[in-house]
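Trainee: The hints should help you fit chain B onto chain A, whose structure is shown.
Number of protein chains: 2
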Amino acid sequence: MTLDVLIESAKNVYSEIKDLLGTSEGASKISLGAGGDISRKIDIVAETAVLNTIKSNNMSPVIIGEECGIVNLNKTSSSSLSNNNNGFVIMDAVDGTTNAIRGIPFSCCSLAFASEFKLSFVTDAVVLDLFTGDIYSASKQKGSFLNNKKINVRNEKDFSSITSLEDLKSIDVLIGTNVSGVPLNILDEISRVISFSSHIRHFGANALELCYFARGFIDAYIDIRGKIRSTDMAAAYLIAKEAGGKLYSPNGHELDSELGLKKTLSFYAVSNKRLFDLIKSYG
Amino acid sequence: MTLDVLIESAKNVYSEIKDLLGTSEGASKISLGAGGDISRKIDIVAETAVLNTIKSNNMSPVIIGEECGIVNLNKTSSSSLSNNNNGFVIMDAVDGTTNAIRGIPFSCCSLAFASEFKLSFVTDAVVLDLFTGDIYSASKQKGSFLNNKKINVRNEKDFSSITSLEDLKSIDVLIGTNVSGVPLNILDEISRVISFSSHIRHFGANALELCYFARGFIDAYIDIRGKIRSTDMAAAYLIAKEAGGKLYSPNGHELDSELGLKKTLSFYAVSNKRLFDLIKSYG
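Chains as they are written, first to last, in the numbering used here: chain A, 404 to 686; chain B, 404 to 686.
Where hints are given, some of them may not hold.
Since copy identity is lost for identical chains, a pair holds within one copy or between any two.
With a Cα cut of at most 25 Å, we get these calculated DSS-like pairs of lysine-lysine [claimed, not checked]:
{"id": "1", "residue 1": "K665", "residue 2": "K414"}
{"id": "2", "residue 1": "K552", "residue 2": "K432"}
{"id": "3", "residue 1": "K414", "residue 2": "K649"}
{"id": "4", "residue 1": "K666", "residue 2": "K572"}
{"id": "5", "residue 1": "K444", "residue 2": "K572"}
To be clear, the hints were calculated from the coordinates, so they are not data collected in a lab.
Looking at chain A on its own, in the form it has when it is part of the complex:
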């Protein structure tokens, strides 16, 4: 049921904002309320579509979004972030806003449901490609899907046969990495991975890039800038994991985190633990 509502919400975002993609109207900045922050119209319209869809389905979770902040629809209980029976909807209603407002066809709507306020408690997830309408979805322990067809990370290569990053060239590995505004010392940490890989990509919307990873388009996705909010990757986290991906923190532990708009992360998503070990050994 929850997944259906997330999908319905994402579809409503798609239909509400598709005429705003690549337009100055969509990019226009508006101020919300007295002394409110400045937001892009496209972001406001998208979040409103999600809020309205959830309300119309008589769900009453706590909703967390960049523009709306924390909205508690659970009026009847003394719910809090640490204790809310109706769960949490975590939205990045438009991920890749810079692409979306320029019209660059790589942007998505990211929606997740979590039973507790932690990444590992995300149970349902949807990422909708706002330019193609493709729907990536996952429910915990039920696998990941693209338009209802099962997807898996790419794992055909025998990573065990390679012993150094230099070998990456020979097995044609494709690595996505977010280096936008990366601090110089962090760039230095991944410089050897970049240099030893024949194919580096960065498309500009983290959640959709993780879905590209989940469907096997890219073999790894790395963002160790410490800038990605846990809320922005909540949906793609589950989709990547349910597709067989491994997500690690820089310290080598499985990725997990409190949710929340101010909680930021660094992570390595890899199709194979061996790839993570190799990357780290050269970091």
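Mentor: Frame of chain A; chain B shown alone:
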């Protein structure tokens, strides 16, 4: 006339290879002739479509492509690379082959006509997006077009008001750069640009990335690895220039080069000279 033939050729590539995108059949490797090099099926099919289209139009240029090498259709004269009355067609029939065979929707067909064997003598150019069918085209001194609509580089920012790379963040500049397999010393040269820019992109097909630059999606495109063949960017070179873009060599001269499959380049494509000066001052 020449531009029409290039467009017809690109459209034929599109229809011939679209069912091969993202398939193992398209990725399959075949050997051409006795002792021939190994090529991907998708590349062979694409080049064959171009060769056939040009022949059927009774043109007899010298054709240059990665798979076919140098094919001289001008049988009646003692033409050579330095002296050929019928001109040169330079093709990268599938640019972004790695994306194309994985199904990542960013790949193109790049075709240029040059009256002499030099980048600056390219007179007509077509880049066709193999996933959307979008056609970018240009003829010398006649402007650049996307599906017959005029395009221009993005130049709305007052770059003269910024005095350091740190200011790039405030004006929301989006910079594309190819760092796949970049040597460490070259990565070091552009590390400050990467670090000071809020938005870095790399989609994985140089010719189409330059067209994104030409239509104003990105503000600059940098590839200083010295790996891009002049033949691979011949078409996008003209499209970027005719859209108002400036292309520079690392030494600050306007980009030019002999053509040829072994001739490789480094370049900065910028919407504004000021941006080049800033980037170089921090290199």
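Trainee: All hints, please: hold or fail.
Mentor: Outcome of the hint check:
Neither within a single protomer nor between protomers do K665 and K414 lie at most 25 Å apart by alpha-carbon distance, with minima of 27 Å and 49 Å respectively. Proximity of K552 and K432 under a CA criterion of 25 Å is satisfied in neither setting, with 38 Å inside one chain copy and 28 Å between copies. In this assembly of identical chains, K414 and K649 lie within 25 Å of each other by CA distance neither inside one copy nor across copies; the values are 28 Å within and 41 Å between. When the C-alpha separation of K666 and K572 is checked against a cutoff of 25 Å, the pair qualifies only between copies, where the shortest distance is 22 Å, while the shortest distance within a copy is 35 Å.
Proximity of K444 to K572 under the C-alpha cut-off of 25 Å is restricted to the inter-copy arrangement: shortest distance 21 Å between copies versus 43 Å within a copy.
Checked against the numbered hints above, the structure violates hints 1, 2 and 3; every other hint is satisfied.
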